[in-house]
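*Asks:* Please construct the entire structure, taking both the sequences and the accompanying hints into account.
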Amino acid sequence: MSEQTSQEPTMEEILASIRRIISEDDAPAAEEAEAAPAEEPAAVAPEPEPEPEPEPVAVAAPEPEVVAPEPEPEPPAEEDALELTDKVETHGDLDVFPQAAAPAEPEPRPIEALVSERAASAAASSFGALSAAIAMPQAGRTLEDVVRELLRPLLQQWLDENLPGIVQQAVQAEVERIARGRVR
Numbered sequence: 035m036s037e038q039t040s041q042e043p044t045m046e047e048i049l050a051s052i053r054r055i056i057s058e059d060d061a062p063a064a065e066e067a068e069a070a071p072a073e074e075p076a077a078v079a080p081e082p083e084p085e086p087e088p089e090p091v092a093v094a095a096p097e098p099e100v101v102a103p104e105p106e107p108e109p110p111a112e113e114d115a116l117e118l119t120d121k122v123e124t125h126g127d128l129d130v131f132p133q134a135a136a137p138a139e140p141e142p143r144p145i146e147a148l149v150s151e152r153a154a155s156a157a158a159s160s161f162g163a164l165s166a167a168i169a170m171p172q173a174g175r176t177l178e179d180v181v182r183e184l185l186r187p188l189l190q191q192w193l194d195e196n197l198p199g200i201v202q203q204a205v206q207a208e209v210e211r212i213a214r215g216r217v218r
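Using my numbering, you'd call the opening residue of the sequence shown number 35 and step up by one each time.
It should be emphasised that the hints constitute simulated quantities derived from the structure, not laboratory data. All residues carry an ideal CB built from backbone N, CA and C; glycine is no exception. Incorrect hints may appear among the rest.
[Unchecked claim] Distance windows between CB atoms, simulated: (1) S160 to R186: 44 to 50 Å; (2) I56 to K121: 43 to 49 Å; (3) R182 to E141: 51 to 57 Å; (4) S165 to I212: 53 to 59 Å; (5) E117 to Q41: 37 to 43 Å; (6) V180 to S150: 31 to 37 Å; (7) S165 to R143: 17 to 23 Å; (8) I145 to L188: 37 to 43 Å; (9) G199 to A147: 44 to 50 Å; (10) F161 to E208: 47 to 53 Å; (11) Q190 to E141: 53 to 59 Å; (12) P187 to A147: 32 to 38 Å.
*Replies:* The following block contains the structure:
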């Protein structure tokens, strides 16, 4: 636990303070209970006028009494108490649990192929041909070179299809700009 400073009350001091407050609260209640039955309606004598009370003098509040807690009596030693080094006999049925019978797992169904044997062999041969075509036979060749080589035919096909239209649109836009008289 952490160290307590001198300003913090200990647990025992707190408990003693609570006990003292409870006993002080119980004492006036007991005195009132005793005084109530003793009073009888009697002839009321005129009460003398009370004397004026002197002004209270400021006095520093007294420190609450610190009651040292009584040490708890040591519990009587039990002869049946076990030490940590004592061995305990077990009763076989209390600490051994029988294993529940595991349910038998059903045999797995044979997995049916999603593709036929012929389609699988055709796909395998196509992948083999693709890997042979992409193989990098030269030691100085990089992946970038291989990608460039594979993209060249695709780029050529795209340019053949789209370049004439792009050039035609660019030329037409430039001719219209010149015809309107806007020169850069």
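*Asks:* It remains to establish, for every hint, whether it holds in the given structure.
*Replies:* Against the structure, the hints come out as follows:
The beta-carbon spacing between S160 and R186, approximately 22 Å, falls outside the hinted interval of 44 to 50 Å. The hinted range of 43 to 49 Å is satisfied by I56 and K121, whose Cβ atoms lie roughly 48 Å apart. The beta-carbon spacing between R182 and E141, approximately 54 Å, falls within the hinted interval of 51 to 57 Å. Checked against the given bound of 53 to 59 Å, the beta carbons of S165 and I212, roughly 55 Å apart, stay inside it.
As the Cβ distance of E117 to Q41 is approximately 42 Å, the hint placing it in 37 to 43 Å holds. Range check, V180 to S150: about 33 Å between beta-carbon atoms, so the 31 to 37 Å window is met. At about 34 Å, the beta-carbon gap between S165 and R143 misses the expected band of 17 to 23 Å. The hinted window of 37 to 43 Å between I145 and L188 holds, with their beta carbons roughly 39 Å apart.
For G199 paired with A147, a C-beta distance near 48 Å keeps the hint of 44 to 50 Å intact. The beta-carbon spacing between F161 and E208, approximately 49 Å, falls within the hinted interval of 47 to 53 Å. Distance hint check: the CB atoms of Q190 and E141 are about 58 Å apart, consistent with the given range 53 to 59 Å. The supplied range of 32 to 38 Å is met by P187 and A147, whose beta-carbon atoms lie about 35 Å from each other.
Hint violations for this structure: numbers 1, 7, all remaining hints satisfied.
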